[in-house]
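A.B. asks: Following the hints, position chain B against chain A.
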Amino acid sequence: MSDTSPPASRRVLVVDDNAINRRLAMAFVKRLGFATEEVEDGAAALDKLAASPFDVVFLDISMPGMSGEEVLARLRADPRFGGLHVIAYTAHALPEEKQRLIDAGFDDLLIKPISLKSVEIALADFMQA
Amino acid sequence: MQFKRWVMGIRGKLIAIFVVIKVLPLLVLALVAWTMAQRLGDTVSRQAGAMADSMLETIRQMGDAATGDAIKALDDRAREGIERLTTDTARAVAVFLYDRDSDILQAAQVEPDEAAYRRFLAHRSRTVHRHGAWRLSDDQSRWESAGPEGWDEALAAEAGQALPDNAKAFSARPPEYIGVPEQRPLFVEMSFIDTSGRERVKITTGELMPRALRDVSRPENTFIKAERYWPALQKLKAGEIYVSEVIGAYVGSRVIGPYLPASAKKAGIEFKPEASAYAGTENPVGQRFRGIVRWATPVLRGGRIVGYVSLALDHDHIREFTDHLSPTDSRYTAINDAIVGNYAFMWDHRSRNISHPRDYFIVGYDPDTGQQVTPWLDQGLYEAWQASGKPSEAFLAGVTPFDGQSLKKKPATAQVKAGTVGLDCRYLNFSPQCAGWKQLTEQGGSGSFAIFFSGLDKLTTAAAIPYYTGQYGHSRRGFGFVTIGANVDDFHRAATESAKRIGQAITETDEEFQQKREALRGDIGSNLAQTAGALTFSTLVMVVLVIIVAIWMAQFITRRITSMIDGLGRFQAGDLSHRLQARSNDEMGELARSFNRMADTVQESFKRSEDGRARAEEANKLKSDFLASMSHELRTPLNGILGYSELLQVELEDPAQQEYAASIHTSGQHLLDIVNDLLDLAKIEAGRMELKPAELEISRLVADLIGAHRAHAQGKSLALTCALADDLPAQLSTDPQRLRQIINNLLNNAIKFTENGEVELKVRRVGDRLAFDVRDSGPGIPPEAWSVIFEKFRQLDQFITRDHGGTGLGLALARELAHLLGGELSVESRVGEGSTFTLTLPVAGPSTPPT
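Sequence lines, in order, name chains A and B.
Taking my numbering, the leading residue of the first sequence gets 1, the next gets one more, and so forth.
Taking my numbering, the leading residue of the second sequence gets 1001, the next gets one more, and so forth.
You may find that some hints are simply not true.
Claimed, not checked - Here are the simulated lysine-lysine pairs, DSS-like style, with alpha carbons at most 30 Å apart:
id: 1; chain 1: B; residue 1: LYS1237; chain 2: B; residue 2: LYS1265
id: 2; chain 1: A; residue 1: LYS98; chain 2: B; residue 2: LYS1623
id: 3; chain 1: A; residue 1: LYS98; chain 2: A; residue 2: LYS30
id: 4; chain 1: A; residue 1: LYS98; chain 2: B; residue 2: LYS1683
id: 5; chain 1: B; residue 1: LYS1752; chain 2: A; residue 2: LYS117
Unchecked claim - So the derived label-pair ranges between C-beta atoms look like this:
id: 6; chain 1: B; residue 1: GLU1791; chain 2: A; residue 2: ASP17; range: 37 to 47 Å
id: 7; chain 1: A; residue 1: ASP17; chain 2: B; residue 2: GLY1767; range: 37 to 47 Å
id: 8; chain 1: A; residue 1: ASP17; chain 2: B; residue 2: GLY1832; range: 14 to 24 Å
id: 9; chain 1: B; residue 1: GLU1659; chain 2: A; residue 2: ARG23; range: 17 to 27 Å
id: 10; chain 1: B; residue 1: SER1605; chain 2: A; residue 2: ARG100; range: 31 to 41 Å
id: 11; chain 1: A; residue 1: ARG80; chain 2: B; residue 2: GLU1659; range: 47 to 57 Å
id: 12; chain 1: B; residue 1: GLU1791; chain 2: A; residue 2: ARG80; range: 54 to 64 Å
id: 13; chain 1: A; residue 1: ILE102; chain 2: B; residue 2: ARG1615; range: 51 to 61 Å
Bear in mind the hints are in silico, worked out from the structure with no lab data behind them.
Here a beta-carbon is modelled for each residue, glycine too, at the ideal position from N, C-alpha and C.
Isolated chain A, as found in the complex (with noise of 0.2 Å):
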């Protein structure tokens, strides 16, 4: 993908049921220069992707409902979304999790608990140059 847009023309949309980490994901993503919305559950999530592009998508995993994986699936199985940036912002920290999700087919993990910098070294291919 270029790296030719401002950050900020650059939507992230952050999926994450808590609300905590949901709101910290997004602040961190708007100091880094990023657009950012929030939905709380898997099918928002794949309603809100149909509805408006975004580059990158913080998909949380453990959620009420659709998982992660599963919202990654159907992601993956539809071809509007073939550019789709998905990565797995996730407290499944061990190393068999991890694995998982790779295998799963996230383009990148982003394991909880977060910091400015961790998030900055995500989104770093999408930052301007």
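C.D. replies: Chain B only, in chain A's frame:
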């Protein structure tokens, strides 16, 4: 394969054992029984045969003995009878001859004139018998009687008329028939010879003697010029008697045996039987030998010899004594059949033949010369005679009589051809009978012997004729001897007939025995065959039964074994609930029950271990789930704490508030460290820590580690140094992340607890291991605490300060990780001087990758 298993398996072995212990004895038994039966059969058959043979042999021997005895008895009786006949005949001849002595003495008293002499002769006649006319048979193969000739059977006494007392063995014969009787003058001539030898008176009868008066002192004037009696007469004294030998013209024959056209032709002569010698049935029309025996005695007148009276006896009267004798049941015959060998004949005192059915055998004289015709010689003697060139009489005078007589000598065939075959025993060297007769009669006796002659077993007898007048008084033999030849077989024909009958009976019995024996053999054979059949059948049946039983038993036993094996196989394959059937109470049943008990135990323990494993797995899973859940649930709130505190630090402007936010962040960070360490420890304990071994460059590792902690050390004004030994390998095989974790922990602690001085990381080689020393100049650790510091949540109280912020898990985790990497973590320290933590690792990496 299946078959091989079947054969080689227990089944096959069991069957083989059965066959060996049952079938073989059975076969042996059958074989023995068969052999015994056969032997019995053989023995019975052989003994029956032997019994039959010995019975037959006994019968045969008895028959032979009886026959032999009968033959001997008959022969003895016959011999006795014939000998008797011979001696009687000889005596009769002698009596007859003595009567002629009387005649001549009476004749000497007769006035020598013709009338007186005729009167004298007229009363002196005797009967001779002549057979009737014979002729050649139509086929010319034999001579036959022209008319009926023989006994008149009607004249025999009727046995049926015998009184009962006499009826047993009543034997009657008709009058003996010996031919047609003819009254014949005894003498063919009566003469008176004066002292000068001239015949003065002579009366003849018949045609034999010349009627003319002759001077008999001259031999040529005598009968057939052969008489030489004048010199003897002159020596006679008063009352002395001269008796001549038999003198007659020899009648020869060139055929010996039946004189028939065929035999004449064979002899190369014209068939003229009348011209050849008479020979009984062999030539009944032949020329008869005509001879005389002359008696003479001086005639006295006034005591002075005035002449001699002579009587010539017709030789036929002498022959009459023997010509009709037949040493057979017929006793007498009108005509002799010489060829059958049963006839009587006579010899003079010199052993010359004077009476024979074959006239050519009677020695005689040549009427032309008056010389004796050469008798039949054996071939050797004949050749010697021929070689001598002498007249036969002169030659024979110098020959030893009876010289080596033997049947092996051959008669002179030239004489047969010449027809001169008169028998003079002295020179008849191919006839040993001659010597026998001479031997028997030499001293006047008689006897017999048997000789196999001309193809017949012949008894021959001889009896001296006791007539000793004149020259005959010179030997005890007298006039000569009568002989009778008899075919022995004829004597004992009855015995041989019965012997033949016995033989026949024996043969029949033998055949019967043979048949019975064969039948017996057949019976035994069929019995044996039956026995063999039954034996074979029953043996086969038993063998089959035994084999069936063997197979059944083998099946029975092995079925249980194989079902057991199957059961074991199923059990082994995992069917732990499978149990063997253990219905029987024998060892097999016990084995099955034992197995089942074992199976119960095994299944139970399997179940227990399976349960335990399941529980352990469950527990482990729960633990893992718990860890994961714990981690997740702790990190989720920590995310907010750390994130917002960091955010606050950035966004707050009041330094005091910034500090508060920093404190919150530090506490959260500490909490996160605890969580991470706990998770690691938990993983190690759960055996879920996975190593990722890789080749690691040691210098690079050390540089990275020092680099990572430099800032921290500088922050506390500590010197952070490193020292690498020269003999280090370039590479180390281990899990780099975990090695870093351990050494980071050690370096972190060293820097954290050291206020002044230095911290050093030193790498050296100890054998095949590497040692990482982290040395500090901190406060040191008392020895009693060296082990404690590696325990979880234990820290030395005096070192625990809020500033240090340790989790209490670091060293415990480091040691666990060291162990995981196949290494050791140890400490040495002096309080007040510092501590050295040493990690040793195998250069080659963990020996066994932990699961």
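A.B. asks: Does the Cβ distance between ASP17(A) and GLY1767(B) fall inside 37 to 47 Å?
C.D. replies: At 57 Å between Cβs, range violated.
A.B. asks: Between LYS1237(B) and LYS1265(B), is the straight-line Cα distance small enough, at 30 Å or below?
C.D. replies: Status violated; Cα separation ~56 Å.
A.B. asks: At the C-beta level, are ASP17(A) and GLY1832(B) separated by a distance inside 14 to 24 Å?
C.D. replies: Given about 56 Å between the Cβ atoms, the range is violated.
A.B. asks: Honestly, do GLU1659(B) and ARG23(A) meet the 17 to 27 Å range at C-beta?
C.D. replies: holds (24 Å)
A.B. asks: Would you mind confirming whether the straight-line C-alpha gap from LYS98(A) to LYS30(A) stays at or under 30 Å?
C.D. replies: holds (26 Å)
A.B. asks: Check the following: the C-beta atoms of ARG80(A) and GLU1659(B) are separated by a distance inside 47 to 57 Å.
C.D. replies: This hint holds: roughly 49 Å between Cβ atoms.
A.B. asks: Range first: 51 to 61 Å. Now tell me if the beta carbons of ILE102(A) and ARG1615(B) are that far apart.
C.D. replies: violated (33 Å)
A.B. asks: Is it true that the CA of LYS1752(B) sits at most 30 Å from the CA of LYS117(A)?
C.D. replies: At roughly 25 Å apart (the allowed maximum being 30 Å), LYS117(A) and LYS1752(B) satisfy the hint.
A.B. asks: Is the straight-line distance between the alpha-carbon of LYS98(A) and that of LYS1623(B) 30 Å or less?
C.D. replies: holds (18 Å)
A.B. asks: Per the hint of 31 to 41 Å, is the separation of the Cβ atoms of SER1605(B) and ARG100(A) within bounds?
C.D. replies: holds (37 Å)
A.B. asks: May I ask you to test the hint 37 to 47 Å on the CB atoms belonging to GLU1791(B) and ASP17(A)?
C.D. replies: Given a distance of about 40 Å, which is inside 37 to 47 Å, the answer is holds.
A.B. asks: Determine whether the Cβ-Cβ distance between GLU1791(B) and ARG80(A) falls within the hinted range of 54 to 64 Å.
C.D. replies: Once the Cβ atoms are compared, 57 Å apart, the range 54 to 64 Å for ARG80(A) and GLU1791(B) holds.
Of the numbered hints listed earlier, those contradicted by the structure are 1, 7, 8 and 13.
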